[in-house]
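These are the residues of each chain, in order.
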Amino acid sequence: MTLLSGPPHVITVGAGLLRESLAAQAVTTTPVDWRPPLPGTEGALARVLADPRLPAANERAVARLISARPVLSAVRRASEVLELGGMTFLHAGPPITWERASGPLRGALIGAMLLEGYAHDEEDAERRLASGEVRLEPCHHHGTVGPMAGVVSPSMWMFEVRDAEHGGVAYCSLNEGLGKVLRYGAYGPEVLERLGWMDRVLGPVLSAAIELAGPIDLRGMIAQALQMGDELHNRNRAATSLLLRELAPAVVDASPRDAAEVLRFVGGNDHFFLNAGMAAGKVATDAARGVPGSSLVVAMARNGTDFGVQVSGLGDRWFTGPAGVPDGLYLGAYGPADANPDIGDSTITETSGLGGFAMAAAPAIVRFVGGEVADAVAATRSMYEITLAEHPAFQIPGLGFRGTPVGIDVTLVARTGLLPVVNTGIAGRLAGTGQVGAGLVRPPVEAFTAALLALAESAKDPL
Amino acid sequence: MTLTDVVLVRPGVYHDSVALMRVSRSMRELPGMEVALVAMATELNLALARDLGFELPAAGPGDLLVALRGRDLEGAAEELDRRLAPLSGARAREAGGGGEQPPRTTRSAARQPADLVLVSVPGEHAFAEALDAVLAGLDVMVFSDGVPVHQEVLLKRLADERGVLVMGPDCGTAVVAGVGLGFANVLRPGPVGVVAASGTGAQQVTSLLDLAGVGTGHVLGVGGRDLSAEVGGRSTLRALRMLDDDPATELIVLVSKPPDPSVAGAVREAVAGLGTPVVTAFAGERDLTAAAEEALRALGRPVPAWPRWPAGPPAAGTHGSRPEGRDEPRPAGRNGSRAEGERGGRLLGVYAGGTLCTEARLIAGRGEFTDYGDDAYTRGRAHPMIDPTLRLEALSRAEPGDVVLLDVVLGHGADPDPAAALAPALARCPATAVVALVGTEGDPQGLHRQAEALARAGATVFASNAQAARYAKDAR
Chain A
1 MTLLSGPPHV
11 ITVGAGLLRE
21 SLAAQAVTTT
31 PVDWRPPLPG
41 TEGALARVLA
51 DPRLPAANER
61 AVARLISARP
71 VLSAVRRASE
81 VLELGGMTFL
91 HAGPPITWER
101 ASGPLRGALI
111 GAMLLEGYAH
121 DEEDAERRLA
131 SGEVRLEPCH
141 HHGTVGPMAG
151 VVSPSMWMFE
161 VRDAEHGGVA
171 YCSLNEGLGK
181 VLRYGAYGPE
191 VLERLGWMDR
201 VLGPVLSAAI
211 ELAGPIDLRG
221 MIAQALQMGD
231 ELHNRNRAAT
241 SLLLRELAPA
251 VVDASPRDAA
261 EVLRFVGGND
271 HFFLNAGMAA
281 GKVATDAARG
291 VPGSSLVVAM
301 ARNGTDFGVQ
311 VSGLGDRWFT
321 GPAGVPDGLY
331 LGAYGPADAN
341 PDIGDSTITE
351 TSGLGGFAMA
361 AAPAIVRFVG
371 GEVADAVAAT
381 RSMYEITLAE
391 HPAFQIPGLG
401 FRGTPVGIDV
411 TLVARTGLLP
421 VVNTGIAGRL
431 AGTGQVGAGL
441 VRPPVEAFTA
451 ALLALAESAK
461 DPL
Chain B
1 MTLTDVVLVR
11 PGVYHDSVAL
21 MRVSRSMREL
31 PGMEVALVAM
41 ATELNLALAR
51 DLGFELPAAG
61 PGDLLVALRG
71 RDLEGAAEEL
81 DRRLAPLSGA
91 RAREAGGGGE
101 QPPRTTRSAA
111 RQPADLVLVS
121 VPGEHAFAEA
131 LDAVLAGLDV
141 MVFSDGVPVH
151 QEVLLKRLAD
161 ERGVLVMGPD
171 CGTAVVAGVG
181 LGFANVLRPG
191 PVGVVAASGT
201 GAQQVTSLLD
211 LAGVGTGHVL
221 GVGGRDLSAE
231 VGGRSTLRAL
241 RMLDDDPATE
251 LIVLVSKPPD
261 PSVAGAVREA
271 VAGLGTPVVT
281 AFAGERDLTA
291 AAEEALRALG
301 RPVPAWPRWP
311 AGPPAAGTHG
321 SRPEGRDEPR
331 PAGRNGSRAE
341 GERGGRLLGV
351 YAGGTLCTEA
361 RLIAGRGEFT
371 DYGDDAYTRG
381 RAHPMIDPTL
391 RLEALSRAEP
401 GDVVLLDVVL
411 GHGADPDPAA
421 ALAPALARCP
431 ATAVVALVGT
441 EGDPQGLHRQ
451 AEALARAGAT
461 VFASNAQAAR
471 YAKDAR
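As given, the protein sequences belong to chains A and B, one line each in that order. UniProt numbering applies: residue 1 is where the first sequence begins, and numbers increase by one. UniProt numbering applies: residue 1 is where the second sequence begins, and numbers increase by one.
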């Protein structure tokens, strides 16, 4: 079949008149709903698209992302596996200082100071943090991701996730539950008490249980959970149940005395799986890093002040814009005035083709997007416009088992002006408040524009 | 008025937390409402309510907890029920909705099967869409103008690697398997295939062939710069091979400006290597009408007298290409009395088609010729084949004694009734008007209807641009 062998099916992009004239000739057309790219990106787009490395680089980067096989291999203390010496804490998002840190991040850091015994009370903790004697580093710089404030201190127990395909490893802390919890910036007595129990009981028991149960295939578990109505960011109910089912016998074997308490804690927190899923996303996106010329987004993360992205072909550089306030629904009497700007590394789920990108799989939570199942389907469908692939394992039954949109391409974001759809929890603005709601947020366009301009600077000349 | 608390527990009523948060929010919007918590009675929510100072009865996670605080809560419970009721109703209508969304890029559209991409976005954005097509292995026609030449070179180099054809940029005309793309005449199917670095040039040749009863299967545009040294004729060479491979094509016509000397050799070599005969129409070497006539002879078909309106004397063997318009009627002024005294005015070429404009200028040898289809005139406005404004202004500037020569191009994509605007302007115009009308009997505008309307307005109308130019040259 060559072009000349019969009337062509024509994709039309541009003037409607030309499409109408084809329609008048009874020619089948697929019209593109084209709009001009983000303002100020025309020149950079042309340079990046003309980079002869781009198509193969993106193909390679996204192939590595979707072929990753994350397995939950261990639960270990942060001090064992991460370099946190000399009073170092990790936090979510791009680099930030205490001065610019938002309420919930400050609250979580204060909590971590108290937890680690680096300070004897709140004032002492604040003083030491403000003095600069504590090093603050992004989780992402340590192969780690942290939900919300994402604060990791040396004593915390971490999920360890390995990529059985490419050999990477990533870490994420254990989930504390909802409401007043450290990751949302709460640090009251009940928060520290719970963290103490996690330190003494939950961590050791899970660690022993996973040693007994052996590595757990997270890729398969995520694939199943999607088909059970999770999108793996704001809804992890199915995935948590699956993980619990896998772990329960080993937990009992490992510690008959604490088993009931541990299983009750895990079973009572629908988001328990989230942290393991985030580490799975991190290890997969890390596999796609460092491909020269690639415009694939390998991290989206927020520190409560800035929203940052990293791109495969641009090393560890962050491109940031101001974090937005999520549009969502609020717990109890809280309202938008109580909300902190967007925070957390959990956008690694969207970066790896889950969360907001998989909304169509999770009709139970679609009201976050504004009410209707149709909106969730539309949210997922629109993400196919800015992604390089459809995930081979993560499928959406309601879309005819189409793979989730995965692999955000900076050039496609600039061309379409469509920003990633992000599902998220909402932290209270004031340190110590905790969670106030959950909803949707759009990343700042500046982060993507800046990344595109940097790609243009590093682009190879085609001719 | 003091605030009152209302606390309700509805055992065994379950709604998901998000739905209930929406109900909470809408309850808070009621006048006088200070606090509204509608949630499943989980530990977390019970604690939230207690923190807000509510007195709570015993309740568990399977119960619905309602805690309201405000003034005048008389009707609050009913309001609550009104808001909860839809949550229990069948939501089936929502399921599976969300219909298909149109693709936002060519890359996205190319996920579905397609054969060809037609790009007509503004030139500075065309590269991205055309590149998507090439990378998806699809042939592409770039109608857009203003695409930088280095982007054209890159597109065509990548297209060569992938075995696809890039028509354009600035390709205004193509016909693929009888389908007209961009500005294209309705051509009868037939044995001719055209490779064209000139859109209106191809339209002139194929329209004349059509009037002579010979059909054209394909017109593959390549863009005006294809045969330049920079681009190297990549698309021309590919299009020639495609037509050579097409079993239905018996004769190839190559319409272009003369190739850059560095490319001419490759083109000659390619032409010599084809199994299909090739007629070349290089602007400046000979006119398009002559090329159409050679194509007819190559096919063994008679060359007709090309139509003109009002009909001239049917001089036997009239060819548009004959020198000096020997047996063509001498034009007269609009009214005989004026014409004689006002001889010696200007010859104004008011063109929409670039190649037609060049051809007419070369034939006339003098005069002020303007190609209103040039990039300089189309930035930010539609092509003069669609928007007559600039040419109407030019006509209004003509003076008695002038001769105005203009082209009117019919077909898909062009003005649906060009005579509607041009005929009144020509009727008002004090100059002698000569029109080259490029079109076929199948064109939606109606060739004869247009010709007659223009002729009634006082213009002398030719199907051959070369004949029109010769006539105009002699008309002063």
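No lab work stands behind these hints, which were simulated from the structure alone. Predicted model only: the values in this text are computed from it and were never measured. Don't take each hint at face value.
Unchecked claim - Okay, the calculated beta carbon distance ranges per label pair:
hint, chain 1, residue 1, chain 2, residue 2, range
1, B, 300, A, 7, 22 to 30 Å
2, B, 396, A, 7, 48 to 56 Å
3, A, 165, B, 442, 57 to 65 Å
4, A, 264, B, 3, 56 to 64 Å
5, B, 377, A, 23, 52 to 60 Å
6, A, 214, B, 161, 29 to 37 Å
7, B, 14, A, 263, 50 to 58 Å
8, A, 99, B, 7, 51 to 59 Å
9, B, 302, A, 460, 54 to 62 Å
10, A, 123, B, 32, 49 to 57 Å
11, A, 337, B, 32, 17 to 25 Å
12, B, 268, A, 20, 34 to 42 Å
13, B, 474, A, 7, 18 to 26 Å
The beta-carbon is built from N, C-alpha and C at its ideal position, and this holds for glycine as well.
### Message
Name the hints, by number, that the structure is in violation of.
### Response
2, 4, 5, 6, 7, 8, 10, 13
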